Amino acid sequence: MKLNLSFYQAKYCLILGIFLIPSCSQLKPDEPEKLPFDPPIQAEMSYIATPIALEIGTLREKVNSSLKEVIVNDESYENNNRDNLKLKIVRMGKINLQMQGNELSYSAPLKIYADKRFETKILGKQLQKSQALTFSLIAKFKSKVDIGQDWKLQSKTTFQGIEWIEKPKLSLLSINFDLTKLIEKILLQEAPHIEQMIDNLAHDQLHLDKEILHIWTELQKPILINRQHKKVWIKAQPMEFTASHIRSDGYHILIDGKIGAMVETIFGDHPTYEIIEKLPPLQRANEIPNHCDLNAVNHIHYADINEILTKELAEKELNIEGHTLKIKNIRIFGNGSFIVLRVDVKGDANGTVFLKGKPSYTDDEEQTIHIQDFDFDIHTEEALLQTADWLLHDTFKSLIQEKLHFPLKKQVEKIPSLIYEGIAKGKVGKKIELQLENMQLKPKQIAIHEDGIAIMINMKTNLQLKLKHL
Numbered sequence: 001m002k003l004n005l006s007f008y009q010a011k012y013c014l015i016l017g018i019f020l021i022p023s024c025s026q027l028k029p030d031e032p033e034k035l036p037f038d039p040p041i042q043a044e045m046s047y048i049a050t051p052i053a054l055e056i057g058t059l060r061e062k063v064n065s066s067l068k069e070v071i072v073n074d075e076s077y078e079n080n081n082r083d084n085l086k087l088k089i090v091r092m093g094k095i096n097l098q099m100q101g102n103e104l105s106y107s108a109p110l111k112i113y114a115d116k117r118f119e120t121k122i123l124g125k126q127l128q129k130s131q132a133l134t135f136s137l138i139a140k141f142k143s144k145v146d147i148g149q150d151w152k153l154q155s156k157t158t159f160q161g162i163e164w165i166e167k168p169k170l171s172l173l174s175i176n177f178d179l180t181k182l183i184e185k186i187l188l189q190e191a192p193h194i195e196q197m198i199d200n201l202a203h204d205q206l207h208l209d210k211e212i213l214h215i216w217t218e219l220q221k222p223i224l225i226n227r228q229h230k231k232v233w234i235k236a237q238p239m240e241f242t243a244s245h246i247r248s249d250g251y252h253i254l255i256d257g258k259i260g261a262m263v264e265t266i267f268g269d270h271p272t273y274e275i276i277e278k279l280p281p282l283q284r285a286n287e288i289p290n291h292c293d294l295n296a297v298n299h300i301h302y303a304d305i306n307e308i309l310t311k312e313l314a315e316k317e318l319n320i321e322g323h324t325l326k327i328k329n330i331r332i333f334g335n336g337s338f339i340v341l342r343v344d345v346k347g348d349a350n351g352t353v354f355l356k357g358k359p360s361y362t363d364d365e366e367q368t369i370h371i372q373d374f375d376f377d378i379h380t381e382e383a384l385l386q387t388a389d390w391l392l393h394d395t396f397k398s399l400i401q402e403k404l405h406f407p408l409k410k411q412v413e414k415i416p417s418l419i420y421e422g423i424a425k426g427k428v429g430k431k432i433e434l435q436l437e438n439m440q441l442k443p444k445q446i447a448i449h450e451d452g453i454a455i456m457i458n459m460k461t462n463l464q465l466k467l468k469h470l
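FYI, the numbering for the sequence shown is 1 to 470, going by the UniProt record's numbering.
Since the hints were made in silico from the structure, they are not lab data.
This structure is a prediction, so every number in the text was calculated from the model and none was measured.
Keep in mind that a hint or two might mislead.
What the hints assert, rightly or not - In silico DSS-like pairs for lysine-lysine, Cα to Cα no more than 27 Å straight-line: (1) LYS152 to LYS231; (2) LYS410 to LYS442; (3) LYS144 to LYS68; (4) LYS316 to LYS278; (5) LYS414 to LYS397; (6) LYS28 to LYS403; (7) LYS326 to LYS278; (8) LYS231 to LYS167; (9) LYS142 to LYS34; (10) LYS409 to LYS356; (11) LYS346 to LYS34; (12) LYS278 to LYS311.
Unchecked claim - Here are the computed distance ranges between Cβ atoms for each label pair: (13) LYS181 to GLU437: 53 to 61 Å; (14) LYS94 to GLY161: 14 to 22 Å; (15) GLN98 to PRO40: 24 to 32 Å; (16) HIS405 to LYS326: 20 to 28 Å; (17) ASN79 to LYS169: 20 to 28 Å; (18) HIS301 to HIS207: 26 to 34 Å; (19) PRO271 to ALA314: 17 to 25 Å.
Every residue gets a Cβ at the ideal spot worked out from N, C-alpha and C, and that includes glycine.
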């Protein structure tokens, strides 16, 4: 009898002990079903406004240094249908060159040496008499200018007329002769020759391609945009250049231009690159706005997120609805169009839970990527309903979700200014001071990839130009 009593006492104590020992839920939900990742984000062309200012004074100096001193030298009386005139036209001083709109105006002071032969018959005898004279004038020309497909200045010069300084008059045998009409006629005949000479000089002396090539090559050099933790580079590959029509402010020849380039971000050590110095054919547009429109793919790597999550959440203890819980490990990865977090926990619940959500953009001060629709995976939710429904409380989810905010602004806002620092290294920086204003940043596309979150970011900024009068 004593044996039987002891047996029942032991059984009773065992059952009672089971109920008195605190219960510990075991969590072993299935992992989320594997889904294919988002396709790679297709690169989009970026457009970088590239205004060009060429000194009119520089063109003036080049024209004057290249134009020969003797413009016309007719040493025969027999030329021009036997006009009985020898004529030498010499540049008397520097050609004055001004520009308004898309028109160049030339004023050329000329010294003219003439030798006029007179013929007459007296008593059937042919008599000849010649007399030299010197006079001066200002010949005026205008040129409509633009940029040609060969990147050089194209001009169409036309003769505008004469401003006399000293008219061609002479006295022979007490007879006064006014040669103004004759000289004007001859100059009009010589005008096409002078017009072509001016057009050739303008074409040969002003090379837009040399100005652009400095910028073109600088843009191809990778730019370090982040040196903390992991080096991040921005690399541009110029593809095209578009120029507007020429205009002037009176001091400069102004051309609004833009470079079309493919821009990418690269992680790690200094990327290799090859400078392509050959410019593509010039493209034309009536108007080009002075703004920068950049499209660049930025990456948020899971390894970097995991480092932050581990630092801030690993070994963290929580009290949820009277239950204690410690986060042992936490890891983020991608699955389809979702990001998934695997969280290993210990305490009143032991095991693993999975949460998932979709990255989304918040247009706040830091312009943040956050995770929306953040919740337990369906398999985890089913397991919690059976074993630890208290964990479904928002406390646990909110703690993790608030760590999943990734500010973009600091990472990318300096990209346009760094690109324009490269542009300023070209000759354009000597004549134009560029100021960036009204930066606008907005993600265009978010994609989940195997190694992280890819974000196509569009950056727009206006350019304020300040011309330097050198």
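Structure-based check of each hint:
The hinted pair formed by LYS152 and LYS231 fails the criterion: a straight-line CA distance of about 41 Å is larger than 27 Å. Between LYS410 and LYS442, the direct Cα distance comes to roughly 13 Å. Compliance with the 27 Å bound is thereby established for this hinted pair. Between the alpha carbons of LYS144 and LYS68 the distance comes to roughly 23 Å, so the proposed pair stays at or under 27 Å and holds. Of the supplied pair hints, the one linking LYS316 and LYS278 is violated, its CA atoms being roughly 59 Å apart against a limit of 27 Å.
Restraint check: the Cα-Cα separation between LYS414 and LYS397 comes to about 34 Å, which exceeds 27 Å; the hinted pair is violated. A distance of roughly 25 Å separates the Cα atoms of LYS28 and LYS403; the hinted pair therefore holds under the 27 Å criterion. As the CA atoms of LYS326 and LYS278 are separated by approximately 62 Å, the hinted pair breaks the 27 Å bound. Between LYS231 and LYS167 the CA atoms are separated by roughly 75 Å; this puts the pair beyond 27 Å, and the hint is violated.
Only pairs whose Cα atoms come within 27 Å are accepted, and LYS142 paired with LYS34 is rejected, the gap being roughly 73 Å. This hinted pair checks out: LYS409 and LYS356 have alpha carbons roughly 25 Å apart, not beyond 27 Å. With a CA separation close to 26 Å, the supplied pair LYS346 and LYS34 stays within the 27 Å bound. Annotation: proposed proximity of LYS278 to LYS311 is violated, straight-line Cα distance about 50 Å (limit 27 Å).
Range check, LYS181 to GLU437: about 60 Å between beta-carbon atoms, so the 53 to 61 Å window is met. Under the hint 14 to 22 Å, the C-beta atoms of LYS94 and GLY161, about 20 Å apart, fit the expected range. For the pair GLN98 and PRO40, the supplied restraint of 24 to 32 Å is violated, since their beta-carbon distance comes to about 55 Å. At about 24 Å, the CB distance of HIS405 to LYS326 agrees with the hint of 20 to 28 Å.
For the pair ASN79 and LYS169, the supplied restraint of 20 to 28 Å holds, since their beta-carbon distance comes to about 22 Å. At roughly 45 Å, the beta-carbon separation of HIS301 and HIS207 lies outside the given 26 to 34 Å, and the hint is violated. Under the hint 17 to 25 Å, the C-beta atoms of PRO271 and ALA314, about 34 Å apart, miss the expected range.
Of the hints listed earlier, those the structure fails to meet are numbers 1, 4, 5, 7, 8, 9, 12, 15, 18, 19, in rising order.
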